[in-house]
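Since the structure of chain A is already known, use the hints to place chain B on it.
Chains as they are written, first to last, in the UniProt record's numbering: chain A, 1 to 403; chain B, 1 to 102.
Calculated directly from the structure, the hints in this document are not laboratory data. Each hint should be verified, as a subset may be incorrect.
Unchecked claim - Pair by pair, the computed Cβ-Cβ distance ranges are:
1. B:E26 with A:T119: 52 to 60 Å
2. B:V80 with A:N399: 26 to 34 Å
3. B:E6 with A:E11: 28 to 36 Å
4. A:I319 with B:R54: 21 to 29 Å
5. B:I75 with A:D266: 49 to 57 Å
6. B:P66 with A:I15: 26 to 34 Å
Claimed, not checked - Sample of chain A residues lacking proximity to chain B, with all beta carbon distances greater than 10 Å (derived):
7. Y55
8. K108
9. K153
10. L230
11. I243
12. K244
13. L245
14. P259
15. K278
16. E316
All C-beta atoms, glycine included, are put in the ideal place defined by N, C-alpha and C.
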Amino acid sequence: MAALAESKVLEREEIGRYGRQLILPEWGVQGQLKMKSASVLIVGAGGLGCPAAQYLAAAGIGHLGVVDYDSVEVSNLHRQILHTEGRVGVTKVSSAQESIQSLNSKVKVTPHHLVLNSTNALNIIKDYDVILDASDNVATRYLLNDSCVLLKKPLVSGSALRFEGQLTVYNYKGGPCYRCLFPCPPPPHCVTNCSEGGVVGVVPGVIGSLQALEAMKIITDIGDSMISKLLLFDGFSGTFRHIKLRERNPECSICGDDPIIKELIDYEQFCGSKPNDKERQKELLTENQRISCADYKALLDEGVPHLLLDVREPVEYDICHLPHSHNIPLSQLQKSKDILSLLNTPLSDDNKRVFVICRRGNDSQVAVHLLEESVSNLQLSVSDIKGGLTEWSHSIDKNFPLY
Amino acid sequence: MPLSVEIEFSGGAELLFNKIKKHKIELPDKMGVANTWTIRDLIGWIKENLLCERPELFVQGESVRPGILVMINNIDWDLVGGLDYVINNNDTILFISTLHGG
Numbered sequence: 001m002a003a004l005a006e007s008k009v010l011e012r013e014e015i016g017r018y019g020r021q022l023i024l025p026e027w028g029v030q031g032q033l034k035m036k037s038a039s040v041l042i043v044g045a046g047g048l049g050c051p052a053a054q055y056l057a058a059a060g061i062g063h064l065g066v067v068d069y070d071s072v073e074v075s076n077l078h079r080q081i082l083h084t085e086g087r088v089g090v091t092k093v094s095s096a097q098e099s100i101q102s103l104n105s106k107v108k109v110t111p112h113h114l115v116l117n118s119t120n121a122l123n124i125i126k127d128y129d130v131i132l133d134a135s136d137n138v139a140t141r142y143l144l145n146d147s148c149v150l151l152k153k154p155l156v157s158g159s160a161l162r163f164e165g166q167l168t169v170y171n172y173k174g175g176p177c178y179r180c181l182f183p184c185p186p187p188p189h190c191v192t193n194c195s196e197g198g199v200v201g202v203v204p205g206v207i208g209s210l211q212a213l214e215a216m217k218i219i220t221d222i223g224d225s226m227i228s229k230l231l232l233f234d235g236f237s238g239t240f241r242h243i244k245l246r247e248r249n250p251e252c253s254i255c256g257d258d259p260i261i262k263e264l265i266d267y268e269q270f271c272g273s274k275p276n277d278k279e280r281q282k283e284l285l286t287e288n289q290r291i292s293c294a295d296y297k298a299l300l301d302e303g304v305p306h307l308l309l310d311v312r313e314p315v316e317y318d319i320c321h322l323p324h325s326h327n328i329p330l331s332q333l334q335k336s337k338d339i340l341s342l343l344n345t346p347l348s349d350d351n352k353r354v355f356v357i358c359r360r361g362n363d364s365q366v367a368v369h370l371l372e373e374s375v376s377n378l379q380l381s382v383s384d385i386k387g388g389l390t391e392w393s394h395s396i397d398k399n400f401p402l403y
Numbered sequence: 001m002p003l004s005v006e007i008e009f010s011g012g013a014e015l016l017f018n019k020i021k022k023h024k025i026e027l028p029d030k031m032g033v034a035n036t037w038t039i040r041d042l043i044g045w046i047k048e049n050l051l052c053e054r055p056e057l058f059v060q061g062e063s064v065r066p067g068i069l070v071m072i073n074n075i076d077w078d079l080v081g082g083l084d085y086v087i088n089n090n091d092t093i094l095f096i097s098t099l100h101g102g
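Here chain A stands alone, though its shape is the one from the complex:
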């Protein structure tokens, strides 16, 4: 890929289009020309990447690269604002490209429809001036950090979950890198993703917009970058907070004075998790402790007495549930010292069968374990319903809502 030719002058249409930022003395013609000659790679065309791409395109960036392996889903639309109802099922990179081009046809857009990994990352990243980490998983965050250190590129990092967002700039003007702050990845079970934890769309909107701003300041070399600083945004309390972070660690394993890591590593192995935010199916139970949705439906139709325990949190139970189910959240089962007393109400003497259901069939397995440990003397038969309500919707009742 050829680098963009350096622009020496602005055309008449550009002067009209970018006039409101051109008249800012800090920006001016020189700032606009730098934008026109600059390239930004956005990794992740999701809740952060969409607004970032939108503002960079609107501001007249010369070249935008967009990396994403995924396709648009309905559940993305509340926050991934470049995608539309009509493009559900289309790859996110082409959907993003279409929106960006219709906003500003002068921007060159390069879609990269792939999973960024150790074999392709350097070759893609080397062609861009500034990299935006708008990804949704730990493995990609380390991969991007290491690639940017090796290629000496500034990395504008954003993240969001629930009502909170975080923003910082790594590997720029002698500041720290991601590994200076986080030499070790978090244990995989400690990481919550948006599909599990939830997210208010505006929150990644705010952080993604700020990532675009940081990229523009780096490109034009104006203002104060978020180097060694972390911005915390709490949408619930409506507060922004600045934290002073440590400096670059001279002993950092990749950006230190004598680095141990000199090339990209296997990030899935390093983080113990895959480079996506998809839910994985747990296999905690043996086959005879589990029942398929179809078999459960048959028992239900026969009228076999049983207790159906839905172990999701009440907020999710309120969204949708099977009418005959009884809600005891897993968190309550885990905290309870007397699980029996929780069960007593819905369980009668002639009813010794318990089925446990949840959203996807993971928590229900944990709950079966817990129940079996605490009520082993009761001769209860406890099973989990495989695949949970998601599978119920797919294979039994297509009208049952998914979220």
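Then chain B, alone, in the frame of chain A:
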């Protein structure tokens, strides 16, 4: 004199503390000696007195688990002594669980 300290949790760490983000606490004198609480001691105290569930999501050994940043009066604990920082009266100590979603 007991130490008055404000403990804050953010980025989801508060979910392990009954979803409460701000806790005003008083740390008692240790064995009759005032002002000898370090962050190391505080993490142990939080584990015993404040943490409601799943300690492995917050602590690892005598420190916090990887992925949690500790800020003392809005400054990275790494800059002020880390686990050995001696807590002062009215300090604000923030535990941030880093986010990865997008």
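List of violated hint numbers, smallest to largest:
Violated hints: 2, 3, 5, 6, 10, 11, 12 and 13; rest satisfied.
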